[in-house]
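**Student:** Take the sequences, apply the hints, and build the full model.
So the protein sequences, as listed, match chains A and B. Here my numbering is used: the first residue of the first sequence is 1, the next is one more, and so on. Here my numbering is used: the first residue of the second sequence is 1, the next is one more, and so on.
One or more of the hints may lead you astray.
[To be verified] With the C-beta cut set under 10 angstroms, the calculated list includes, among others, these residues of chain A facing chain B:
#1 T67
#2 L77
#3 R210
[Unchecked claim] Anything over 10 angstroms on all C-beta distances counts as not near chain B; from chain A, calculated:
#4 R33
#5 L40
#6 R80
#7 G125
#8 P130
#9 R134
#10 Y144
#11 Q148
#12 V149
#13 I153
#14 L156
#15 V183
#16 R191
#17 P207
Please keep in mind that the hints were generated in silico from the structure rather than gathered at the bench. Every residue gets a Cβ at the ideal spot worked out from N, C-alpha and C, and that includes glycine.
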Amino acid sequence: MSTRWGIRSILATCLPAAVAILVFGTLYGAAARAILGVPLALASSVFVFSGALQFALLALLSVGATTLPLLLIAAALNLRHVVLGAVLRPRIEGSRLRRAALAFFLVDETFGFAVAAGHAAERDGRPVGPATERMLLVAGVTCYLAWQVGTLIGLLGAGLAVAESLAGAIFPVLFIGLASLAVTRRSHAVRALAAALLTAGIAFALPDLRVLAPVVAGVLVALPGVER
Amino acid sequence: MSSLVLVAIAAITYGSRAAALVFLPRPGGRFEAVLARIPAPIFAGLATATLLTGDRSLVGGPIVCAALGALLVSPTRSLLFCLIGGAAGYALGALLS
Chain A
1 MSTRWGIRSI LATCLPAAVA ILVFGTLYGA AARAILGVPL ALASSVFVFS GALQFALLAL
61 LSVGATTLPL LLIAAALNLR HVVLGAVLRP RIEGSRLRRA ALAFFLVDET FGFAVAAGHA
121 AERDGRPVGP ATERMLLVAG VTCYLAWQVG TLIGLLGAGL AVAESLAGAI FPVLFIGLAS
181 LAVTRRSHAV RALAAALLTA GIAFALPDLR VLAPVVAGVL VALPGVER
Chain B
1 MSSLVLVAIA AITYGSRAAA LVFLPRPGGR FEAVLARIPA PIFAGLATAT LLTGDRSLVG
61 GPIVCAALGA LLVSPTRSLL FCLIGGAAGY ALGALLS
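**Tutor:** Have a look at this one:
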């Protein structure tokens with residue numbers, strides 16, 4: 001196995017994201033304690049593991065939402081996972097059981113790391129499948145643990161307001177870096193720019209859909225034309 | 001929110017993650033070509049979305065500067081350099097604000 005994407009290398013790659021996730025987990029835990037109570041807040045992080053959805057649920061519950069809106073927001077926000085899974089599917093060759101286990105760790109950040117690992121393997125002439133799977137698993141477990149620890153810290157009453165802004169900066173930087181890794185042709189860069197503009201347009205026109213906007217924009221700009 | 005609703009939400013979430021990854025056959029031909037073009041636009045869109053708030057405004061200045069710093073070094077196609085550029089941008093933004 002190449003040392004370039006060994007376990008330690010993978011951990012070093014996803015550490016900044018894991019730290020940011022831990023900070024947001026802390027904020028989630030602190031907010032969820034009052035709305036959900038400790039057992040349910042902890043269970044939500046353990047079984048759902050989706051920051052965007054869990055914060056959205058808190059927002060809805062804080063204004064007295066009933067069951068139906070909660071289920072609808074879960075369905076709407078999770079739609080993007082179907083697209084992310086479809087993009088990863090050609091790169092993952094393991095058995096159905098293995099893919100079922102890996103699927104639990106499919107979130108925006110781990111998707112990005114897995115795609116980047118697949119591209120790196122392709123460039124180095126290594127098999128894409130194992131590199132993608134290893135990254136999805138290790139990055140997934142790392143981010144999952146960071147989210148759980150963060151939630152627990154928040155539930156215990158700690159606040160990390162000072163770190164919130166710094167953590168908020170990690171995600172745009174991370175996604176810009178991952179976009180640059182995913183751009184292998186000039187047309188990819190043009191499509192990425194178009195998706196950024198389209199996302200901004202959707203987010204300004206329909207702010208409530210801004211979580212879905214990147215996937216909608218990404219799919220729309222990927223559909224037309226041929227590669228150059 | 002009851003435990004039952006939480007179980008339903010967890011099932012919806014896992015189902016969405018597993019839908020394509022587990023149950024769909026491996027795509028081929030033109031569909032695979034389209035899927036291969038999706039990651040860069042999605043990451044660019046995610047970066048954009050994280051710079052916007054729910055009330056149609058930009059996030060704080062240091063975060064925007066961090067994104068600009070990362071964007072500046074993105075032609076190097078190195079995640080490490082992007083993080084360094086982002087950190088430098090953030091520091092500059094924090095100094096200026």
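**Student:** All the hints need checking, so say for each whether the structure fits it.
**Tutor:** Taking the hints in turn, this is what the structure says about them:
no.: 1; hint: T67; verdict: holds (5 angstroms)
no.: 2; hint: L77; verdict: holds (9 angstroms)
no.: 3; hint: R210; verdict: holds (5 angstroms)
no.: 4; hint: R33; verdict: holds (14 angstroms)
no.: 5; hint: L40; verdict: violated (6 angstroms)
no.: 6; hint: R80; verdict: violated (8 angstroms)
no.: 7; hint: G125; verdict: holds (18 angstroms)
no.: 8; hint: P130; verdict: holds (16 angstroms)
no.: 9; hint: R134; verdict: holds (15 angstroms)
no.: 10; hint: Y144; verdict: holds (12 angstroms)
no.: 11; hint: Q148; verdict: holds (14 angstroms)
no.: 12; hint: V149; verdict: holds (19 angstroms)
no.: 13; hint: I153; verdict: holds (21 angstroms)
no.: 14; hint: L156; verdict: holds (21 angstroms)
no.: 15; hint: V183; verdict: violated (5 angstroms)
no.: 16; hint: R191; verdict: violated (5 angstroms)
no.: 17; hint: P207; verdict: violated (5 angstroms)
Of the numbered hints listed earlier, those contradicted by the structure are 5, 6, 15, 16 and 17.
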